[in-house]
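A.B. asks: Protein chains in written order, with this note's numbering: chain A, 49 to 344; chain B, 49 to 344; chain C, 49 to 344; chain D, 49 to 344.
Treat the hints with caution; some may be incorrect.
[As the list claims (entries may be wrong)] Using C-beta positions, here's what the derived DEER-type ranges look like:
#1 D:D103 to A:G200: 47 to 57 Å
#2 D:E301 to B:E119: 36 to 46 Å
#3 B:A283 to D:R133: 52 to 62 Å
#4 C:E240 to A:A123: 53 to 63 Å
#5 B:A287 to D:R151: 32 to 42 Å
#6 A:D103 to B:E322: 28 to 38 Å
#7 D:R338 to C:E93: 41 to 51 Å
#8 A:A117 to B:D244: 25 to 35 Å
#9 A:G200 to D:P169: 27 to 37 Å
#10 D:R338 to B:E344: 31 to 41 Å
#11 C:H339 to D:R155: 49 to 59 Å
[Unchecked claim] According to the in silico footprint, chain C covers these stretches of chain B (three or more CB under 8 Å from chain C):
#12 63-72
#13 111-125
#14 210-224
#15 268-281
[Unchecked claim] Facing chain D, according to a computed beta carbon distance under 10 Å, are these residues of chain B, among others:
#16 M49
#17 F317
#18 A318
#19 F324
#20 F336
Everything labelled a hint here was simulated from the structure, so no lab data went into it. Note that the coordinates shown come from a computational prediction; the quantities given were computed from them, not determined experimentally. Beta carbons: idealized from backbone N, C-alpha and C, even for Gly.
Take a look at the letters that make up each chain.
Protein chains: 4
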Amino acid sequence: MQLGVIGLGRMGQIVVERVLDAGHDVVAFDLNSEAVTTAAEAGAETAEGPVDVLDRLGDERRVWLMVPAGEAVDATLDELAPHLRERDVVVDGGNSHFEASVRRAERVDAAYLDCGTSGGPAGAELGFSLMIGGPAWAYEEMTPVFDAVATGPEGHGHMGPAGSGHYVKMVHNGVEYALMQAYGEGFELLFEGRYDLDLESVARTWNNGAVIRSWLLELCEEAFREEGSDLGDVADHVAGGSTGTWTVQEALEQEVPVPLIYQALAERFASREERFSRRLANRLRYGFGRHEVARE
Amino acid sequence: MQLGVIGLGRMGQIVVERVLDAGHDVVAFDLNSEAVTTAAEAGAETAEGPVDVLDRLGDERRVWLMVPAGEAVDATLDELAPHLRERDVVVDGGNSHFEASVRRAERVDAAYLDCGTSGGPAGAELGFSLMIGGPAWAYEEMTPVFDAVATGPEGHGHMGPAGSGHYVKMVHNGVEYALMQAYGEGFELLFEGRYDLDLESVARTWNNGAVIRSWLLELCEEAFREEGSDLGDVADHVAGGSTGTWTVQEALEQEVPVPLIYQALAERFASREERFSRRLANRLRYGFGRHEVARE
Amino acid sequence: MQLGVIGLGRMGQIVVERVLDAGHDVVAFDLNSEAVTTAAEAGAETAEGPVDVLDRLGDERRVWLMVPAGEAVDATLDELAPHLRERDVVVDGGNSHFEASVRRAERVDAAYLDCGTSGGPAGAELGFSLMIGGPAWAYEEMTPVFDAVATGPEGHGHMGPAGSGHYVKMVHNGVEYALMQAYGEGFELLFEGRYDLDLESVARTWNNGAVIRSWLLELCEEAFREEGSDLGDVADHVAGGSTGTWTVQEALEQEVPVPLIYQALAERFASREERFSRRLANRLRYGFGRHEVARE
Amino acid sequence: MQLGVIGLGRMGQIVVERVLDAGHDVVAFDLNSEAVTTAAEAGAETAEGPVDVLDRLGDERRVWLMVPAGEAVDATLDELAPHLRERDVVVDGGNSHFEASVRRAERVDAAYLDCGTSGGPAGAELGFSLMIGGPAWAYEEMTPVFDAVATGPEGHGHMGPAGSGHYVKMVHNGVEYALMQAYGEGFELLFEGRYDLDLESVARTWNNGAVIRSWLLELCEEAFREEGSDLGDVADHVAGGSTGTWTVQEALEQEVPVPLIYQALAERFASREERFSRRLANRLRYGFGRHEVARE
């Protein structure tokens with residue numbers, strides 16, 4: 049099978065390599081010529097631009113977009129759209145908002161598959177988890193490619209119609225925030241608590257047989273191994289937050305309570321600046337109780 | 049009526065003055081001789097120590113303790129206990145834990161009234177809110193004194209048996225934490241949000257007729273007037289927390305969910321140091337996504 | 049001064065009456081003819097429709113809209129817009145989203161004041177709290193009317209440019225949710241806790257001098273008086289939620305953590321149906337621990 | 049090596065079998081004679097009581113207690129204590145509170161190892177995760193047994209001095225509550241949300257390569273397979289809560305904020321009865337806004 053890949057960043061290169069490894073052919077393009085060279089060295093045919101990718105694919109035109117969510121997806125589709133036909137398949141493997149994917153699916157003549165991709169750089173070896181929305185026939189047709197990019201046949205699933213893949217991925221990320229914070233609270237209590245513990249050893253012991261074992265806990269173990277039980281100079285500052293924000297927004301829309309996901313997101317916001325609310329509480333305690341006001 | 053007052057800090061002096069103002073007699077003692085002098089200048093008779101307070105009171109021996117919660121209460125009771133008789137009345141007006149009050153009530157021969165006191169320094173003029181537990185007859189007998197110390201007959205109530213006064217006060221304080229944090233969140237959003245607002249003016253407008261008007265909101269208005277809409281150099285550091293901790297502990301025991309009170313308490317803890325949980329989240333994002341780790 | 053009032057529901061009638069009581073003239077209209085009759089009986093001149101209101105106002109055309117937020121506001125503006133002139137003033141006293149108010153302010157030729165109104169039915173006697181956004185000159189010109197509708201000069205404020213009035217009102221409501229839930233947690237703990245308490249008496253004692261006294265606490269006192277300490281047949285079901293949802297949405301946008309407001313909103317959602325998350329937890333406890341699954 | 053096992057419930061039997069499978073000898077006792085028979089059939093020597101277990105062990109007396117946390121542990125120790133010697137080793141493999149373990153370690157003459165055990169019934173095949181506190185020499189000496197009961201050498205660890213094993217297990221369980229609730233929130237949103245999803249398929253896709261893959265997520269997958277995407281008749285009622293309560297209590301003591309763990313615990317409490325706080329909010333909305341009160 050032939051696959052066009054547009055967008056050759058870290059994730060795009062993994063897609064290229066895993067598809068090639070599975071014995072398929074790849075036509076690759078990126079605005080960055082170094083990235084194109086890397087793909088070529090891996091065995092991909094290279095193209096001059098999005099439309100050239102299409103042109104080089106022959107009759108079965110399947111294109112995987114692995115460009116940053118947002119404008120880059122629309123810009124690429126702007127170029128591709130006039131050339132797309134009904135039997136073509138376009139996969140968006142990025143972190144697009146599900147509503148953008150629904151809109152794009154309606155806009156292009158090709159079958160449009162929104163594909164939530166999870167697993168990070170570790171996916172290079174293990175393969176990813178792929179949550180896919182869009183027309184069932186296109187999902188079926190692409191199965192050999194998904195088998196290659198995912199951890200195998202179990203690592204991808206057809207979630208439902210357009211947008212459902214990115215919808216499930218959005219919720220995945222919301223849960224991810226909460227899991228990270230949950231582990232964080234546990235380790236914070238162990239760190240601040242009564243015993244002087246080796247947190248790498250704790251994480252290792254848990255990862256072997258305990259109810260809370262998980263891949264994120266393996267990453268905790270790795271973090272303590274590399275940074276020490278006190279996390280060294282790692283700062284109290286958590287970046288990111290867009291997919292978590294989307295999850296909470298959708299939960300508000302659906303009137304579904306997600307207090308843990310919300311709180312995990314709020315912790316990220318809180319890590320980025322002083323809390324005005326707490327400064328006011330500090331001051332109010334003087335107001336009603338003449339407690340001394342801490343000042344900077 | 050005659051009242052002994054032991055403990056002449058800020059709150060104790062207010063008790064002395066309000067009781068004198070109401071036409072009663074006061075016998076006052078404190079370990080600090082300056083505080084005793086202040087009480088004398090206000091018109092109180094002074095005593096040499098706790099037992100001397102009792103001795104000077106004649107037949108109707110009613111003593112109000114306004115000493116710091118904890119050991120100071122027990123130390124004072126240690127002195128008083130051998131001299132107390134069944135018809136004596138001891139009031140603990142401090143922030144004692146309700147279980148300590150139950151224990152003390154059992155220990156002394158006198159009627160023991162645990163009296164939660166709220167209102168802060170502002171109570172000097174307005175009077176306090178008094179939540180009182182213990183024997184009903186003792187509460188009745190003390191009514192003239194409670195009328196004087198409280199805002200009036202409406203400002204005190206007999207909650208129930210021993211411990212119930214401090215129990216209600218404990219819950220009052222838990223609610224207080226949550227109210228402060230709730231206003232804080234609102235003002236934080238207004239401060240960080242889309243408009244450049246005069247927060248004193250917002251608070252004033254709200255205090256005049258809005259659903260959320262309250263005394264704490266009047267203190268917010270005062271804080272913005274005195275510190276500015278940006279709260280000047282007021283630090284992101286909230287001290288205190290014992291009564292809020294007791295409230296959450298009791299709610300755990302009773303299996304009653306109190307997420308807002310808990311969160312308000314947790315904000316105080318969080319204001320006092322870096323969050324290890326967030327430092328771990330920062331590091332984990334590298335683990336699964338190769339996001340750059342912010343370091344100090 | 050003359051004021052047109054369009055929308056004569058409970059809140060609109062209060063506006064009519066308070067403005068008449070202050071010695072001004074009112075031209076009133078509502079789609080419901082009974083409501084128009086009520087306003088006429090109170091002393092208002094009546095009109096046939098929105099444009100007729102304008103026509104009857106002479107040179108100084110000031111119109112207060114008190115219609116349901118959303119389509120009703122736009123429908124009324126659709127009728128008024130072609131007739132509005134630069135020096136006219138339109139007030140939207142309803143619970144509109146601030147972004148809708150910004151859009152409407154741009155759309156009409158008149159000065160557009162977005163006016164957050166708080167106080168509920170109790171405002172009939174006391175007057176409301178009015179948070180007002182829009183052109184300063186229009187706010188100044190309307191001051192006599194705002195003095196009448198609000199609790200007085202202290203009860204209204206010019207928050208800033210278009211949208212800021214409804215913005216501040218939105219945040220007010222978010223805080224309101226959290227305050228209600230905070231009191232609710234406290235009373236829940238008292239109700240479920242160790243003592244058999246008269247919650248009306250607790251609320252009354254608190255309302256007289258305690259730090260947490262407030263108008264909402266007076267409403268709690270009233271609720272316990274009317275329903276009993278166990279709240280009788282009042283259901284565990286909280287309706288409403290739109291302004292709280294807006295507050296959380298804006299806080300997400302501004303990346304401001306509002307965990308208490310969020311949690312109070314989530315409690316409303318949670319009161320309306322079974323929690324799937326808890327049903328899953330119930331089942332998972334069997335998965336890892338063979339704990340019996342509770343079934344319906 | 050020889051091991052005495054006292055307490056032959058589900059978990060105790062697994063200990064017996066895994067230790068026998070590893071080639072060691074077991075002397076087993078339980079108050080329930082059927083359980084003793086089961087252990088005998090598996091190849092264990094049986095004893096008449098706790099002291100008889102000791103007597104049958106010869107010189108190297110190592111006893112594993114797998115009885116319910118609380119009084120049963122103390123009752124067993126009451127019997128054993130007079131017969132224990134300095135070089136004996138007692139392991140408490142149950143869910144004891146760490147402070148009880150510290151107290152017991154001081155009380156007995158033997159080396160006392162507090163051993164947090166995680167993994168549930170699945171541990172029968174895979175082995176458990178064992179978090180162990182107490183004297184290092186005793187931990188070393190017991191290593192062959194721990195290798196057998198745990199998933200292997202990686203599945204157990206010496207956390208630190210007396211109590212540290214149960215301390216780490218306590219925090220493990222707190223994290224477990226939060227993880228379960230985090231997954232629950234995600235699946236609740238997917239269930240209530242915009243798409244009609246097969247949640248078993250979602251869980252399977254996630255378990256193969258996604259960042260949030262874990263053993264608990266495998267249990268979610270199993271639950272959806274067995275109960276359906278709507279969880280059938282599984283009730284909104286979550287039992288249990290003691291170790292989570294301990295975790296929050298310790299976090300209060302240490303002033304460490306654990307909002308996710310707290311919230312997960314609070315959800316359990318909330319699942320068990322109506323929320324008074326929400327009933328009050330329902331009623332208050334009438335108070336300030338004349339919103340209709342939902343009644344039962």
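A.B. asks: Now look at each hint and say whether the structure bears it out.
C.D. replies: Hints, verified against the model:
Take D:D103 and A:G200: their Cβ atoms lie about 56 Å apart, and the range 47 to 57 Å holds. One distance hint, 36 to 46 Å for the beta-carbon pair D:E301 and B:E119, is violated here, with the actual separation near 19 Å. At about 58 Å, the beta-carbon gap between B:A283 and D:R133 stays in the expected band of 52 to 62 Å. Taking 53 to 63 Å as the suggested C-beta distance range, the pair C:E240 and A:A123 conforms, at roughly 59 Å.
Hint check: B:A287 to D:R151, Cβ distance near 33 Å, so the stated range 32 to 42 Å holds. A hinted range of 28 to 38 Å for the beta carbons of A:D103 and B:E322 is inconsistent with their spacing of about 55 Å. Taking the beta carbon of each, D:R338 and C:E93 are about 28 Å apart, not inside 41 to 51 Å as hinted. With their beta carbons about 32 Å apart, A:A117 and B:D244 fall inside the hinted range of 25 to 35 Å.
One distance hint, 27 to 37 Å for the beta-carbon pair A:G200 and D:P169, holds here, with the actual separation near 28 Å. As the Cβ distance of D:R338 to B:E344 is approximately 54 Å, the hint placing it in 31 to 41 Å is violated. Between C:H339 and D:R155 the beta carbons are some 31 Å apart, a value that contradicts the proposed interval 49 to 59 Å. Beta-carbon proximity to chain C at under 8 Å applies to 0 residues in the stretch 63-72 of chain B; the threshold of 3 is not reached and the given coverage is violated.
Coverage of the stretch 111-125 of chain B by chain C is violated in this model, with 0 residues showing a Cβ closer than 8 Å to a Cβ of that chain against a need of three. Against chain C, the stretch 210-224 of chain B contributes 9 residues with a C-beta closer than 8 Å to a partner C-beta. That satisfies the three-residue criterion, and the hint holds. Counting residues of the stretch 268-281 of chain B whose beta carbon lies closer than 8 Å to any beta carbon of chain C gives 0, which falls short of the minimum of three for the stated coverage. Among the interface hints, the one on B:M49 is violated; its C-beta lies about 39 Å from the nearest C-beta in chain D, farther than the 10 Å criterion.
With a least beta-carbon distance of about 4 Å to chain D, the hint placing B:F317 at the interface is held under the 10 Å criterion. A distance limit of 10 Å between C-beta atoms decides the matter here; for B:A318 the minimum to chain D is near 5 Å, and the interface restraint holds. The closest approach between the C-beta of B:F324 and any C-beta of chain D is roughly 8 Å, which is under the 10 Å cut-off, so the hint is satisfied. Here the hint on B:F336 is kept, as its CB sits about 5 Å from the closest CB of chain D, short of 10 Å.
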